[in-house]
Each structure stands twice: as structure tokens, then as C-alpha cells.
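Q: Listed below, chain by chain, are the residues.
Number of protein chains: 2
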Amino acid sequence: MDTYPSRLLERAVAEVSKLPGIGRKTALRLVLHLLRQEKKDIHDLSDSLINLADNVKYCTVCHNLSDTEVCDICSNPRRDNTTICVVENISNVMSVENTGQYRGLYHVLGGVISPIDGIGPADLEIDSLVARVAEGGIKEVIFALNPTMDGDTTNFYISRKLKEYDVLLTTLARGISVGDELEYTDEVTLGRALSNRIRLE
Amino acid sequence: MDTYPSRLLERAVAEVSKLPGIGRKTALRLVLHLLRQEKKDIHDLSDSLINLADNVKYCTVCHNLSDTEVCDICSNPRRDNTTICVVENISNVMSVENTGQYRGLYHVLGGVISPIDGIGPADLEIDSLVARVAEGGIKEVIFALNPTMDGDTTNFYISRKLKEYDVLLTTLARGISVGDELEYTDEVTLGRALSNRIRLE
Numbered sequence: 001m002d003t004y005p006s007r008l009l010e011r012a013v014a015e016v017s018k019l020p021g022i023g024r025k026t027a028l029r030l031v032l033h034l035l036r037q038e039k040k041d042i043h044d045l046s047d048s049l050i051n052l053a054d055n056v057k058y059c060t061v062c063h064n065l066s067d068t069e070v071c072d073i074c075s076n077p078r079r080d081n082t083t084i085c086v087v088e089n090i091s092n093v094m095s096v097e098n099t100g101q102y103r104g105l106y107h108v109l110g111g112v113i114s115p116i117d118g119i120g121p122a123d124l125e126i127d128s129l130v131a132r133v134a135e136g137g138i139k140e141v142i143f144a145l146n147p148t149m150d151g152d153t154t155n156f157y158i159s160r161k162l163k164e165y166d167v168l169l170t171t172l173a174r175g176i177s178v179g180d181e182l183e184y185t186d187e188v189t190l191g192r193a194l195s196n197r198i199r200l201e
Numbered sequence: 001m002d003t004y005p006s007r008l009l010e011r012a013v014a015e016v017s018k019l020p021g022i023g024r025k026t027a028l029r030l031v032l033h034l035l036r037q038e039k040k041d042i043h044d045l046s047d048s049l050i051n052l053a054d055n056v057k058y059c060t061v062c063h064n065l066s067d068t069e070v071c072d073i074c075s076n077p078r079r080d081n082t083t084i085c086v087v088e089n090i091s092n093v094m095s096v097e098n099t100g101q102y103r104g105l106y107h108v109l110g111g112v113i114s115p116i117d118g119i120g121p122a123d124l125e126i127d128s129l130v131a132r133v134a135e136g137g138i139k140e141v142i143f144a145l146n147p148t149m150d151g152d153t154t155n156f157y158i159s160r161k162l163k164e165y166d167v168l169l170t171t172l173a174r175g176i177s178v179g180d181e182l183e184y185t186d187e188v189t190l191g192r193a194l195s196n197r198i199r200l201e
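So the sequences go chain by chain: L and Y.
For the first sequence, position 192 (counting from the first letter as 1) is numbered 192 according to full-length UniProt numbering, and the numbering increases by one without interruption.
For the second sequence, position 157 (counting from the first letter as 1) is numbered 157 according to full-length UniProt numbering, and the numbering increases by one without interruption.
Calculated directly from the structure, the hints in this document are not laboratory data.
Don't take each hint at face value.
Lysine-lysine pairs mimicking DSSO-like chemistry, simulated, CA-CA at most 27 angstroms apart [as the list claims (entries may be wrong)]:
1. L:K57 / Y:K163
2. L:K25 / L:K57
3. L:K25 / Y:K163
4. L:K18 / Y:K18
5. Y:K139 / L:K18
Facing chain L, a subset of chain Y residues (Cβ under 8 angstroms, in silico) [what the hints assert, rightly or not]:
6. P5
7. S17
8. R24
9. L28
10. L34
11. L35
12. D44
13. L49
14. I176
15. G179
16. D180
17. L182
Heads up, the beta-carbon is just placed ideally off N, CA and C, and yes, glycines get one too.
Model the full structure from these sequences, guided by the hints.
A: Encoded structure:
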């Protein structure tokens, strides 16, 4: 057990080391770094976190993080409002946005169905997705969940719920990552890439 | 450039990514992790940092971090108050304390002499160290600075200042780290280990 020269330091290190991937050594390094900065810098950091925690809003339509009632994407008239991309969380929205290739809307589930973690369909924003589709006007729902067992389960559950509506259901292509080597591709991925092979133009 | 769905999120990520070794991707991951926690947890983290920034004190004797005017080490009557270990910063105090082999006092310089970074002797707590020695009662000053050019320069500068007093000046032994392999030890270290070789008992 480390001995800290100050209880204030010890408490700060304990709090920072609660962050994922940050152990006590790294936490100590970060806190001592902060101590070397101006007091204002530490206040800026803390204020930005408190401000986020207290004032964060979620879009009432797609449940993405937003500063307003309806987020910038949902309220943008130039986006294609006939397509919804279903993602697990907020950073997935940012990942898809960063491709610069998607002009439709999103729907953030807030997780995936995971019996092991005790997360069922009722814990996710599935009903509100079905409601959006039921309202009409949606032509395609793209599933962009992680290619895991839980992601596939969630895909399957939602697609069954949406089957009764006249809407195209698609999922992201699975295959070999661009730049990957065949030699190091696992057999499941390689198998899927083979069965979903694409005709050369 | 990433597009953030919320300016509050963007600001928090910008602040967190100012920490050393934390890029924007990691910062985003940390902030989104915090958002998934209870509001109270974020407040606890922020409060601990603000509390540290606003209330931190430094020991008036050794300049180590302290909750009181004089730190627990300096005011501990069971410590050997005839020996001072000179270190660069607070985490070095913790490193030496964690060995459990040192029972003397400390003196935190707050850095080392580094002309490239514009740090001269006047920026460090050197005068107060000389004053402590001049006061009398100190038998040994142990230099525990990093074995770098700047550390050696600082050793040299301070030892010249202390030469006029009747005090033993020592430095940490340099040699091969315990557990290291000779094959991978650099030649300077190996050379020093050779010239400072120890008689087998």
C-alpha cells in the first residue's frame, strides 16, 4: 500500500483511478501533473465535467447526446429522414458520422440485449424505435451493432418486431477489414467474407 | 476532425485530453464512461480535484505535499532528523518511502537545474536546503535525483554549496538494476557498475 503525504492527494488519486484503464500509478501521475498546472486549469477540467453531468440532454427522438431537445442530426432538414441507423451507443454515432458516408438519421439503443449482464429489451430504446417506424415514412433501418453474440441477438429481436412494417432491414457488411491480412483473419470472419463474396464489376 | 453531438461533451473531452498521455480518443472513452455513471460519481471526482487544487499545502520545511503546516514526516519524532534525502519531486518521496528502508527526512527541490527548460538554481528550493544544513544537526545529505545530465548538474551545484559545512554528501548507488540482464544493460551503466564494484563479503 502506498503512503500518500496528503489525504487530499490520496482522495484525488482514488477518484481518478476509478476511471477505466487507469491504475493508481497512472492516477498519481495525472494528479501530480494537475498540481503542477495553474489552479484555473484544474477548475476548468472539473467545471467541464460537472457542467456535462448536470446539463447533458438526450435527443427525444434518437436518444443521442444533445444540447437541445431534438439533436442537430434529427432536426437537420438536409439529412435523409427515410433511413435510420440503429447503434448501441453515442460513440458509435460518432464513428459512423466520421465516415462521412451516411446522411440519414440514427437511433441510439443505449446498449444491446445481454442476458448475462441482465439487460433485456425493456432496458433499451427499442419501443421508441418501433414507434418511429410505425409512424411511417421510414424506408430502411440499418443495423450497425457490434458483430457479437449480443449484437446479433439484438438485431434478431428488433428485426422480428419490425417485420410487420413495410421497411427494408439491413446490417453492416461483415468481412475482412481493409488493410488486414488473410493470414491473421479469424475463421468465422473469413467464412462470412467467403459466403458474402461480392461480384467483381 | 471529430464531430461531437454536444458542445458540453466536446468541452469535457478537450479538457480531459489535456492530461499527459491521454489523446482525444481515450478522453472521449473516459468522458462517455463518466456519463454512464451516477451524477454523484462525477461530482465526487470533480470535487476531489478542486479540493486538492484549492486546499493543497506544502510542508514549510521539506516542501513535500502536506495537509498541515509541517508534514507528517518532518514532525515525526521517530524519524532520523540528522539525515536529509534530496529529491526532485513529490512522487520521488513516495518512491523512497515505499522502499521502507529510509527513516530520515526529505527535501523536495521542485525540479532539477535544466538550462534547456530555463530552470535555474533560483527556481528550485536550494537556498532553503542550504539553510537547513547551515542550521546544524544534519550529518548526511543523500542525493536521490534522476541519473541524468540535469540530475548530475544539480547534484554538483548543490554539493559545491554544501561543501563548507561539516556534512557527509552521498548519492544513490548506480549500477545494474536488480533482475536486469547484463546483455541488455547500456554501456554507461555497465561501466559505472564496473568502476563502483563492491567487494564480496
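Q: Broken hints, numbered, in rising order?
A: Checked against the structure, the hints that fail are numbers 1, 2, 3, 5, 7, 8, 14, 15, 16 and 17, while the rest are satisfied.
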